[in-house]
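*Asks:* In case you want the letters, here they are:
There are 2 protein chains.
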Amino acid sequence: MITLLIKATRQSKDKLFCRLQSNMSEELLQRVRDLEGEVGRLKAQLREKVKEGTGGEMAVSTNSDGKKDTSKPDAGGRKKGKRGSRDRPFDFSAHPRRHVALRLAYLGWAYQGFAVQENTDSTVEARLFEALLKTRLIQDRQSSNYHRCGRTDKGVSAFSQVMSIDLRSTQFCGGLGVTLPSNVDADVKNEVDVAELPYVKMLNRVLPQDIRILDWSPAPQGFSARFDCQSRTYRYYFPRGALDVTLMAEAAKRYEGTHDFRNLCKMDVGNGVLQFQRTILSATVQPVHKTPPPAPTTADPYDLYIFEIKGLAFLYHQVRCIMAVLLLIGQKLEPPEIVDQLLDVKTNPRKPQYSMAVDFPLVLFDCHFEGLSWRREAEEVEHALATLQHHWTQTAVKTQVIHGMIQGLDSTGGTSSPHCWLMEGTKQRTYRPLLERPRCESLESRIEHFVKRGRLEREEGENGGETVHKGKRPKHSHHTSISSVLPDVSPSF
Amino acid sequence: MITLLIKATRQSKDKLFCRLQSNMSEELLQRVRDLEGEVGRLKAQLREKVKEGTGGEMAVSTNSDGKKDTSKPDAGGRKKGKRGSRDRPFDFSAHPRRHVALRLAYLGWAYQGFAVQENTDSTVEARLFEALLKTRLIQDRQSSNYHRCGRTDKGVSAFSQVMSIDLRSTQFCGGLGVTLPSNVDADVKNEVDVAELPYVKMLNRVLPQDIRILDWSPAPQGFSARFDCQSRTYRYYFPRGALDVTLMAEAAKRYEGTHDFRNLCKMDVGNGVLQFQRTILSATVQPVHKTPPPAPTTADPYDLYIFEIKGLAFLYHQVRCIMAVLLLIGQKLEPPEIVDQLLDVKTNPRKPQYSMAVDFPLVLFDCHFEGLSWRREAEEVEHALATLQHHWTQTAVKTQVIHGMIQGLDSTGGTSSPHCWLMEGTKQRTYRPLLERPRCESLESRIEHFVKRGRLEREEGENGGETVHKGKRPKHSHHTSISSVLPDVSPSF
Numbered sequence: 001m002i003t004l005l006i007k008a009t010r011q012s013k014d015k016l017f018c019r020l021q022s023n024m025s026e027e028l029l030q031r032v033r034d035l036e037g038e039v040g041r042l043k044a045q046l047r048e049k050v051k052e053g054t055g056g057e058m059a060v061s062t063n064s065d066g067k068k069d070t071s072k073p074d075a076g077g078r079k080k081g082k083r084g085s086r087d088r089p090f091d092f093s094a095h096p097r098r099h100v101a102l103r104l105a106y107l108g109w110a111y112q113g114f115a116v117q118e119n120t121d122s123t124v125e126a127r128l129f130e131a132l133l134k135t136r137l138i139q140d141r142q143s144s145n146y147h148r149c150g151r152t153d154k155g156v157s158a159f160s161q162v163m164s165i166d167l168r169s170t171q172f173c174g175g176l177g178v179t180l181p182s183n184v185d186a187d188v189k190n191e192v193d194v195a196e197l198p199y200v201k202m203l204n205r206v207l208p209q210d211i212r213i214l215d216w217s218p219a220p221q222g223f224s225a226r227f228d229c230q231s232r233t234y235r236y237y238f239p240r241g242a243l244d245v246t247l248m249a250e251a252a253k254r255y256e257g258t259h260d261f262r263n264l265c266k267m268d269v270g271n272g273v274l275q276f277q278r279t280i281l282s283a284t285v286q287p288v289h290k291t292p293p294p295a296p297t298t299a300d301p302y303d304l305y306i307f308e309i310k311g312l313a314f315l316y317h318q319v320r321c322i323m324a325v326l327l328l329i330g331q332k333l334e335p336p337e338i339v340d341q342l343l344d345v346k347t348n349p350r351k352p353q354y355s356m357a358v359d360f361p362l363v364l365f366d367c368h369f370e371g372l373s374w375r376r377e378a379e380e381v382e383h384a385l386a387t388l389q390h391h392w393t394q395t396a397v398k399t400q401v402i403h404g405m406i407q408g409l410d411s412t413g414g415t416s417s418p419h420c421w422l423m424e425g426t427k428q429r430t431y432r433p434l435l436e437r438p439r440c441e442s443l444e445s446r447i448e449h450f451v452k453r454g455r456l457e458r459e460e461g462e463n464g465g466e467t468v469h470k471g472k473r474p475k476h477s478h479h480t481s482i483s484s485v486l487p488d489v490s491p492s493f
Numbered sequence: 001m002i003t004l005l006i007k008a009t010r011q012s013k014d015k016l017f018c019r020l021q022s023n024m025s026e027e028l029l030q031r032v033r034d035l036e037g038e039v040g041r042l043k044a045q046l047r048e049k050v051k052e053g054t055g056g057e058m059a060v061s062t063n064s065d066g067k068k069d070t071s072k073p074d075a076g077g078r079k080k081g082k083r084g085s086r087d088r089p090f091d092f093s094a095h096p097r098r099h100v101a102l103r104l105a106y107l108g109w110a111y112q113g114f115a116v117q118e119n120t121d122s123t124v125e126a127r128l129f130e131a132l133l134k135t136r137l138i139q140d141r142q143s144s145n146y147h148r149c150g151r152t153d154k155g156v157s158a159f160s161q162v163m164s165i166d167l168r169s170t171q172f173c174g175g176l177g178v179t180l181p182s183n184v185d186a187d188v189k190n191e192v193d194v195a196e197l198p199y200v201k202m203l204n205r206v207l208p209q210d211i212r213i214l215d216w217s218p219a220p221q222g223f224s225a226r227f228d229c230q231s232r233t234y235r236y237y238f239p240r241g242a243l244d245v246t247l248m249a250e251a252a253k254r255y256e257g258t259h260d261f262r263n264l265c266k267m268d269v270g271n272g273v274l275q276f277q278r279t280i281l282s283a284t285v286q287p288v289h290k291t292p293p294p295a296p297t298t299a300d301p302y303d304l305y306i307f308e309i310k311g312l313a314f315l316y317h318q319v320r321c322i323m324a325v326l327l328l329i330g331q332k333l334e335p336p337e338i339v340d341q342l343l344d345v346k347t348n349p350r351k352p353q354y355s356m357a358v359d360f361p362l363v364l365f366d367c368h369f370e371g372l373s374w375r376r377e378a379e380e381v382e383h384a385l386a387t388l389q390h391h392w393t394q395t396a397v398k399t400q401v402i403h404g405m406i407q408g409l410d411s412t413g414g415t416s417s418p419h420c421w422l423m424e425g426t427k428q429r430t431y432r433p434l435l436e437r438p439r440c441e442s443l444e445s446r447i448e449h450f451v452k453r454g455r456l457e458r459e460e461g462e463n464g465g466e467t468v469h470k471g472k473r474p475k476h477s478h479h480t481s482i483s484s485v486l487p488d489v490s491p492s493f
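Protein chains in written order, with our numbering: chain L, 1 to 493; chain U, 1 to 493.
One should not assume that every hint holds.
Unchecked claim - Restraint-style ranges between C-beta atoms, simulated for each label pair:
1) GLU441(U) x GLU379(L): 37 to 45 Å
2) ARG432(U) x TRP374(L): 34 to 42 Å
3) PRO433(U) x GLU379(L): 28 to 36 Å
4) ASP268(U) x GLU379(L): 42 to 50 Å
5) THR284(U) x PHE227(L): 53 to 61 Å
No wet-lab data here; the hints were simulated from the structure. Glycine included, C-beta positions come from ideal geometry on N, C-alpha and C.
Build out the structure end to end from the sequences listed, making use of the hints.
*Replies:* See the structure below:
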């Protein structure tokens with residue numbers, strides 16, 4: 001990434017804004033990222049200009065200031081189709097729409113998270129919508145029927161993020177998920193099958209290199225990436241260090257099943273998350289390299305392991321909190337039973353204060369759906385693979401350079417604690433057991449806080465129990481008790 | 001490094017300069033690096049303020065604008081000694097001087113090279129001299145009797161770079177390499193042995209995290225890191241990909257011995273390098289992990305290898321050119337015999353055009369000297385180790401995240417060519433054998449070029465042969481023939 005960084009800034013000649021505020025450093029970094037993204041997009045476009053075009057579809061480039069540039073003239077002199085200049089507004093209503101699912105992968109280290117934010121456009125979603133608008137696949141976000149499966153935080157990557165959305169289509173003859181334009185009669189315009197738009201290629205051409213669409217699938221009209229997800233799988237990579245990985249694997253199993261995870265997440269009561277029961281289908285700790293493990297005395301602290309956890313839906317920061325506790329268990333600072341104690345919300349209704357694990361090793365690895373048929377374009381996969389290999393080469397080689405130096409210094413048998421760097425914040429000199437630490441606010445207390453401010457309302461239920469729901473009480477209110485409020489299934493970390 | 005980057009820019013509140021020139025992108029990146037270094041220095045200082053001091057020695061911090069800040073008061077209230085404010089110039093002549101060797105390690109990826117440059121202060125040497133001046137270990141560079149063993153290029157790292165220099169000393173009683181102040185009589189001031197200044201700790205406190213002094217050694221007065229080096233060893237790390245590493249190992253041996261390497265370097269005639277004979281003591285290709293190699297069909301393309309080369313002195317870019325040719329041999333684009341052909345300067349007096357290997361995998365791993373006794377401070381080594389482990393954790397984890405995605409995509413058995421990313425420039429579609437390519441200028445032609453411009457002079461020798469030497473002919477000229485001009489033993493790449 002550093003090499004990409006150097007290349008981007010050297011080639012850009014955009015204006016550098018001048019600020020003397022204290023937040024300038026955030027904008028400085030964002031500026032560098034913007035430039036990096038812009039170079040990636042321009043390179044992608046240049047590559048396509050050298051190869052064959054895609055039957056008239058042109059990507060309109062946008063420089064970092066948001067101004068549109070018309071694309072370079074095609075060397076072959078073929079008919080170009082719409083140039084997408086401001087003078088000719090695109091008539092979306094003349095085209096069919098198609099409800100689709102898109103599967104994407106991204107490296108999250110250069111972004112401020114997946115979801116769009118007010119104070120920065122350095123988010124994965126922002127780049128996605130830039131690309132969707134540039135390619136005229138959607139008219140605007142609001143009318144695009146967009147749902148996302150998960151929402152990853154700053155620094156978190158994804159190998160299988162899924163979104164559902166309505167895109168422009170060529171399928172005047174109809175098809176799965178296709179809606180014809182209102183002025184078109186399905187019988188009259190009985191066209192020969194034309195190929196659908198090459199969604200994956202069109203988007204990848206204009207997306208930054210570290211965000212890739214892997215495949216797409218037609219989807220029935222009611223399909224939602226958010227609500228129809230069958231399971232979500234996360235991976236957290238970590239070095240063995242001096243950790244007892246066997247103990248960690250044993251402790252991980254204790255998370256499996258349906259439990260109240262309020263002590264293992266960041267409670268998001270303000271956003272209406274009032275119920276913390278979640279189901280973990282599996283939680284394992286495995287070495288990356290599947291060779292038979294050596295005896296513990298010869299174990300290499302620089303071996304890498306994966307904590308893999310699969311569930312229906314996850315709470316905010318749940319995986320990182322779960323991981324933090326596993327790391328404490330691995331260091332033998334807590335016994336494996338601490339997991340059961342933290343899941344016992346009757347005995348422990350309030351979360352002990354502890355830091356979650358850092359962001360960069362976390363990957364949303366899989367989102368599973370039934371009933372979709374993913375259409376992969378081999379050329380696009382090859383290209384994504386090449387980009388990943390390029391990136392891998394840089395990081396893997398640098399990793400070895402550093403490791404060579406560590407080995408050179410380590411001959412005196414110094415302490416090897418690479419796992420220490422996975423906890424947020426500074427390390428305390430004396431370890432304080434979790435259950436002896438100060439506790440965070442309880443759920444009831446947080447609810448009370450928001451009820452007082454009118455953001456949540458309490459009311460008497462039919463059976464005498466109390467219920468809580470968001471916002472002002474509507475006319476025809478739908479009563480739900482605290483214990484059965486549906487989880488907000490927009491899992492995020 | 002990216003995480004370090006983010007932390008540095010967030011914490012700095014220094015002024016952001018405003019330029020609209022086309023070279024602003026270089027300065028932008030440099031600015032980010034400066035900030036990163038500044039944070040590292042400040043953190044190092046803060047750490048030392050918490051721990052014990054060093055008996056009155058204070059490091060004076062300098063912010064990125066070059067202004068001096070006085071250090072924070074010591075919490076223990078101990079006597080501080082000189083504060084180093086501008087009002088009290090330091091009297092170097094009152095102190096002994098000591099000729100020493102310093103061994104250092106650095107990660108070169110964030111720097112523009114080792115040697116000081118005019119257009120940037122983002123070099124390792126610039127940081128070293130900042131540190132030496134801040135700690136008042138030297139008065140200025142010019143009077144410090146400074147020699148360096150090697151000069152690494154932009155992006156190249158070092159685990160054993162050695163320099164020799166005169167530093168301030170406490171040794172009024174004399175010692176190896178010590179020169180007493182002129183006004184001091186060695187007999188009169190026969191002080192009890194005091195400890196020498198803790199050079200390693202003092203410098204590491206104020207150096208950026210990615211530059212570390214490992215140890216120091218007293219040195220006899222005539223010792224020079226540049227001229228007294230017995231051998232230099234470089235390592236180049238690379239992934240196996242689809243390379244035939246056995247063939248590469250066999251080809252590497254052909255470089256051993258004394259040869260004319262003009263076709264395997266970048267000729268630097270303008271700087272007086274006129275002779276290209278060098279001696280390679282060993283050249284090997286080994287896997288990083290010493291497990292028994294699996295059969296070639298099950299070889300993992302993501303295994304890492306080291307090309308290690310040991311020689312007396314090296315020419316400019318010699319190792320990277322050697323590596324480039326080895327990579328071509330490993331891809332079976334050239335036979336191993338090409339090495340012998342390139343070393344045969346009678347048959348091939350002019351270098352074929354080819355790109356050298358990229359910079360980031362290269363490490364100056366060892367510089368060997370006789371007669372020095374390295375003094376290592378355990379605490380400093382622990383600290384350097386911790387810093388390297390922190391760095392390793394980030395790169396190793398990111399490497400696995402990417403590798404996990406590659407494995408996920410690669411199930412269709414796509415082509416795995418991570419080694420391709422090690423050559424500079426773009427890959428040609430059709431391979432052109434080296435000996436069929438256009439050739440670079442010959443040595444004689446280059447000499448002629450500089451002779452015409454007065455930077456080199458030819459003259460008739462005693463035995464009728466021609467000689468060449470740098471610059472204008474001095475009054476009492478020293479005749480040397482072309483074939484015996486001493487190599488410029490300032491090895492660089």
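*Asks:* It remains to establish, for every hint, whether it holds in the given structure.
*Replies:* Evaluation of the provided hints:
no. : hint                              : in the structure
1   : GLU441(U) x GLU379(L): 37 to 45 Å : holds, 42 Å
2   : ARG432(U) x TRP374(L): 34 to 42 Å : holds, 41 Å
3   : PRO433(U) x GLU379(L): 28 to 36 Å : holds, 30 Å
4   : ASP268(U) x GLU379(L): 42 to 50 Å : holds, 44 Å
5   : THR284(U) x PHE227(L): 53 to 61 Å : holds, 59 Å
Of the numbered hints listed earlier, not one is contradicted by the structure.
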